[in-house]
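Please build the complex by placing chain B on the supplied structure of chain A, with the hints as guidance.
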Amino acid sequence: MPDLRLAAIAAHRFGLGPRPGDLRAIAGDPRAWVKAQLGPPAQLPPQIAVLPPAEDDLLAFGRWLTRRRMNNGNGARVEERAERQGITREQLQRLSVEEDFVENFRARATRAVGARVEAAIASERPVHERLVHFWSNHFTVSTAKPVAIALPPSFERDAIRPHVGGRFAEMLLASSKHPGMIVYLDNWLSIGPNSEAAQNPRRGRRSPGGGRPTGLNENLAREILELHTLGVNGGYTQADVQALASIITGWTYARPRLRDLVSDDVANRNGHQLFEFDAAAHEPGPQTLLGRTYAQTGIAQGEAALADLARHPSTARFLATKLCRHYIADEPPSAAVARVERAFMQSDGDLRATMDALVDSPEAWETPLAKFKRPEEYAITLLRAANLRTLPPGAGIAALTAMGQRPYSAPGPDGWSDIAESWLTADLVWKRLEFAQAYAARIARADVNPADLGTACLGPLFSEESRMAVMRAESPAQGLALLFGAPEMQRR
Amino acid sequence: MLHRRHLLAGAAGAAALSFPVFAFGQGQATDKRLLVIILRGGLDGLSAMPAIGDPQYAPLRGRLAIERSNALVLDDTFALHPNLQTMHALYRVGELLPVHACATGYRERSHFDAQNVLETGAARPFARTEGWLNKALGALPRSRPEMGMALSAQAPLILRGDTEVSTWSPSTLPDVDTDTMSRLLALYQASDPALAAALNSALSANTVAMDAGISDMNAAGPRNLTPVAQIAARFLKEPNGPIAAVMDASGWDTHANQGLEQGPLARGLAGLDSGLDAFKTEMGPAWVNTAVLIVTEFGRTAAPNGAGGTDHGAGAAAFLAGGGVNGGRILADWPGLSRSALHEGRDLRPTTDLRSVFKGVLADHLRVSSTALDRDAFPDSSEILATRDLFRG
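Chains as they are written, first to last, in our numbering: chain A, 1 to 492; chain B, 1 to 393.
Since the hints were derived computationally from the structure, they do not count as laboratory data. Given the structure is predicted, the values throughout are model-derived calculations rather than measurements. Beta carbons are placed, not taken as given, at the ideal position from N, Cα and C, and that holds for glycine. One should not assume that every hint holds.
Unchecked claim - Footprint (simulated), chain A over chain B, 3 or more residues, beta carbon under 8 angstroms:
(1) 159-168
(2) 191-197
(3) 232-241
Isolated chain A (complex conformation):
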């Protein structure tokens, strides 16, 4: 029997909010509708597929770095290098023009944010898209750190998307090897204290300032343990952080050559690998992590360590808790967490099986509206409710920024907060209501009945109080604004 209430829970809690008509289609079997979208993706959403490749981002990033070096008093060194490579002064000069880069990064970022939001608005697989957002936030790479400014969109596309609904171990590996993560969490600046590069500094690569890294940088290793796998209480020590940092020394990305940076010839990019293992920077010798010794040499050492971290019981518990917090409640019900944790362990980190267990948990369907939607999700809900497929003017990036969640710009490596306390602030509620009103005014039409739109979007979750408020509105625009501001539109 069709169940509109479960359909509304499915559409809001697991998806990104329904478009008109969706609830009836989902109502036949809401659980099956969710589950059909949990597997690996067939293809990229078209909005994402047309974004430039990561190689292109790395070129832009490389140009920016070189400019910084030139403007930071290291111009002479860059010029020497250019001369050796037969690059003219004029060609080099193009790199030192700041405005081009600012413009370039702004345009890139705007395009990528727009693509992410439009892919979500138009998606026929909103449950899957939500999972992309979840995992992309779990493995945060953010423009808030300026050196990583070019990289979060390609990181999400190349390291996260292919593995959503796949195996966690593969997503962890893809994340740890992507230039976005390697730059964001400084692993490109890390060298083994006893490595060849440390013994003979001239062989080492330069850091962004122009100097050479001199030792371990623990940043990525620490966050892999604390944020990506075991969790902060997952039972590791500072010695484990150092061991993992040593294990992944040399995990870096292939720097474009100066010749590529000054050239417009796209063919120069061919053959660039994104990830590179720099054997000279790798700390030699076995390392002991969580009581287990990794005697492998080279990159195999890191691959083995990450594979073990991915299947560690602490990882299962940490991920299960985080998933249940995201989908069910800020204080996730322990029975659901236990079920999801077990599914993760029993399937050896199969993310589809893990999510199946979450969707099968009765708790996931019991308390509607327990979660407060984050601003991006809230904006997407409103846009889908009105059946838009592209971002209307005024509802774009500036509005998301004002509401406190410009995509790809999470404040720290722990990503956007997933609890109401962070988002239910006076100013952020005010900003989202400003957005809701402006957007309502833009799309209001005489033939759109706000109360009908509310029923189509919320089904039985549309409260009597909200319906009355919407029906008593003095104009369609006000009715829509009240609908968009109603508690059940902001919660799931």
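Below, chain B without anything else, positioned relative to chain A:
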């Protein structure tokens, strides 16, 4: 932005027109107020507070050395940047205490990590998720609904934690219709207490902000702190308003062509100085009970780089201003600028731990207990003692 005329015409009602009366009745509420201004990006302390009397200053700074004749002289060794005129006037009446060669415990050079340490009060980055000011406010008697106020959409890390704080920031979004807001408030009051509380708080804040009569909030920005500083003062003056407020000022990361008496850094300092002036004016008689703490995450390299700027460094300058501040002197254990005195041969060596200053402000201005300081606000820092003579009397 909510316009006052809308608000007065609207049905938001008198209840929303000021901070609600709130009496927990536990202990005496302090009449002291604190504004923290965080200069994000790393202020160049040797530009803001040049050590004109240090023999190494002119040779080391080269093209970025400010002439004694152009600087606002403080004492034999130190001066202020010519654009810090309000600060200079405050110094002369004993209400400004400049702090030099200061830093947190962090000695690396990442903005990201350094701001984290500055705001959490911890010894290393990402060691905790709460801010020291939030924890300190939490140790005071809870005398109002929101003890702190962030002049930003989300509370900055320094204000994050269990203690209730409110948020307000200028809006770039279109004006709202007050009738719609009051209908939503009624709906929330009937069905969603958490949303009702947030909207009520936002309506109060916007009323105060509008009442301030700040004509051109659109002009607010990194180089113009005045509108937001005035509103901060309005919040702090409200009878049931916050005890402490925090505002951010960005744009201090001067890697290239920072300029001397003119240029981007000079404009930034002028904006900071007039912001402080506007804040003091707006506080009026309450200035005697007010302290302003101006801090940054780290200083910059002592010598200019090849691009006419300075890179991320260590020892920084900070400022404490206020009617009760024991100022008119410099708080610094000056390490000197000779090459051997510099930290790692490049940065002003930090000799004053900022946490001592923070603790001193919290202890002697807001009367936060030393237990709360060492246990909640700055855990594992009991060996770092509060500076005890920051305030008169």
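Okay, the hints, checked on the actual structure:
{"no.": "1", "hint": "159-168", "result": "holds (count 3)"}
{"no.": "2", "hint": "191-197", "result": "holds (count 4)"}
{"no.": "3", "hint": "232-241", "result": "violated (count 0)"}
In this structure, only the earlier hint numbered 3 is contradicted, and the remaining ones agree with it.
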